[in-house]
Every structure is written in C-alpha cells, then in structure tokens.
Amino acid sequence: GDSVTQMEGPVTLSEEAFLTINCTYTATGYPSLFWYVQYPGEGLQLLLKATKADDKGSNKGFEATYRKETTSFHLEKGSVQVSDSAVYFCARRGGDYKLSFGAGTTVTVRA
Amino acid sequence: NAGVTQTPKFRILKIGQSMTLQCAQDMNHNYMYWYRQDPGMGLKLIYYSVGAGITDKGEVPNGYNVSRSTTEDFPLRLELAAPSQTSVYFCASSYGDTYSYEQYFGPGTRLTVT
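Sequences listed follow chains F and R, in order. According to the working numbering, the first sequence is numbered sequentially starting from 21. According to the working numbering, the second sequence is numbered sequentially starting from 180.
Derived from the structure by calculation, the hints contain no laboratory data. None of the values given here were measured: they were computed from a predicted structure. A portion of the hints provided could be inaccurate.
Unchecked claim - Here are the simulated distance ranges between beta carbons:
1. Glu89(F) x Lys193(R): 50 to 60 Å
2. Pro187(R) x Glu35(F): 33 to 43 Å
3. Asn209(R) x Gly98(F): 35 to 45 Å
4. Ser246(R) x Pro30(F): 19 to 29 Å
5. Ser78(F) x Gly230(R): 26 to 36 Å
6. Glu35(F) x Ser246(R): 45 to 55 Å
7. Lys72(F) x Ser246(R): 29 to 39 Å
8. Ser78(F) x Asn244(R): 38 to 48 Å
To be verified - Cβ-to-Cβ under 8 Å is the rule here; a few derived chain R residues that face chain F:
9. Phe189
10. Gly230
11. Ala231
12. Phe269
13. Gly285
Built from N, CA and C at the ideal position, the CB exists for glycine as well.
Build out the structure end to end from the sequences listed, making use of the hints.
Shown next, in the form of structure tokens:
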C-alpha cells in the first residue's frame, strides 16, 4: 500500500547548522508529496509541497525536491534557527484525497 | 476566522466510558478528517467525510463513530473506551481533494484511557 518512510530522530542541531531530513515514498502512481510541521502544542501546518517529478517546494527557507528516480522528497534548510524546533512529517497523497504520513522527525535547534 | 477548532484539549476516561470529541471549521471546507497520532507512528486516518451526510472509514476506524450533519461540524464518538485509544486526536479539513488543496489541522485533543 501507500507508505512513507522518513529518517528517525530526534535530531539536535546548533543554530545556523544545515538540516536535512530524509523521506522516501512508495512509488504507486505519481503521488503529490508534502512536508508538514508541528510546533510544540499545536496542530500540523503545511510547510511545502510538490505535485510532480522534479518540482521543488519551498517555504520559510526550507526546500524539498520531488525525485522520481530515487522516490525521495528530502527536506533541507541551509541555516536553522531556534524557532525551527518542531516535529516534521513527510506525507504522500494516496488514492483519492487521503494522506499517508511518515512517523515524524523531532528537530531541536540549540542557540 | 478561527480555522479548525477542537474540544476538549485534554481528557481522561476510564475504561468502558464513552465520549465525543468535537471538531468545527469555519472555512466552508467540504472535506473533513479525523486522525490519531501515536508516539513514533505518525498519523493514522480514522474517518473522513467529503460533505455533509457522507462519511467513510479510514485506516483505523474500529471503536469510533462519526457523523456529519452540517458542513461545519464533524464529531468523533468513542464508545466503550479502551487503553489502546490513548492517543492525540487531530481533526483536519480541506476545501477539496488534497491533490490541490491543503489540509488544515486543529490543535488536537490529548486523550488518556485508564
């Protein structure tokens, strides 16, 4: 079935460090791919998305490129801030309008 | 514009009790969803609705029921609560199909069954 696998955390970084969170998906059809972010005590928010191969989603300094050949959608940010501390979820749109989520990666950025 | 609201924020239930988790959205979204989030497991879809009067099961519907009598409200009912239902529950909504439309999430309800 449709699934998403993302790297396990937790990830702890210093401010201004480079962040990458790996995400791979099952290659059934041509799914839309998403990164959602969950800040402490809040619900999930859409961070970025890509709907077809080679698309690059970007927002708030984060980027992810839809790689069909490697079935990957890795999230990257060049210089993280303390305010980026959150849980990050990779997701794919499967049949109809349902999303399949990865397990989430907890990121903590230290000043 | 409040977005997606959920009540209560926290609840402790005894085994065998019942309760309703409330969810409302004021964005006139047709699609609504209930997820549960277990530690290290990501989100699992419990039930969803594509419009008033229409609901369907997701991945993990057992032990839950839903109704959708209005566009705005999508309550989730737990009958005979069990410890396995201890989780954080999120309600979400979207204007249409997730291919084109973002899902908006509520702040969650943390439920403990003891």
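Hints, verified against the model:
A hinted range of 50 to 60 Å for the beta carbons of Glu89(F) and Lys193(R) is consistent with their spacing of about 53 Å. Separation of Pro187(R) from Glu35(F) is about 36 Å and conforms to the stated range, judged on CB atoms against 33 to 43 Å. Look at Asn209(R) against Gly98(F): about 38 Å separates their beta carbons, and that is inside 35 to 45 Å. A hinted range of 19 to 29 Å is violated for the C-beta pair Ser246(R) and Pro30(F), which are about 38 Å apart.
Restraint check, Ser78(F) to Gly230(R): a C-beta distance of roughly 33 Å satisfies the suggested window 26 to 36 Å. For the hinted restraint 45 to 55 Å between Glu35(F) and Ser246(R), the CB-CB distance of approximately 47 Å keeps it satisfied. Distance hint check: the CB atoms of Lys72(F) and Ser246(R) are about 37 Å apart, consistent with the given range 29 to 39 Å. Checked against the hint of 38 to 48 Å, the C-beta distance between Ser78(F) and Asn244(R) comes to roughly 41 Å, which is consistent with it.
Interface hint status for Phe189(R): violated, as the beta-carbon distance to the closest one in chain F is roughly 11 Å, over 8 Å. With its C-beta approaching chain F no nearer than about 12 Å, Gly230(R) sits outside the 8 Å limit, and its interface hint is violated. Contact between Ala231(R) and chain F, as hinted, is not supported at the beta carbon level, the nearest pair being about 16 Å apart and thus beyond 8 Å. Contact between Phe269(R) and chain F, as hinted, is supported at the beta carbon level, the nearest pair being about 6 Å apart and thus within 8 Å.
Because the beta carbon of Gly285(R) sits about 5 Å from the nearest beta carbon in chain F, less than 8 Å, this interface hint is met.
Consistency with the previously given hints fails for numbers 4, 9, 10 and 11, ordered from lowest to highest.
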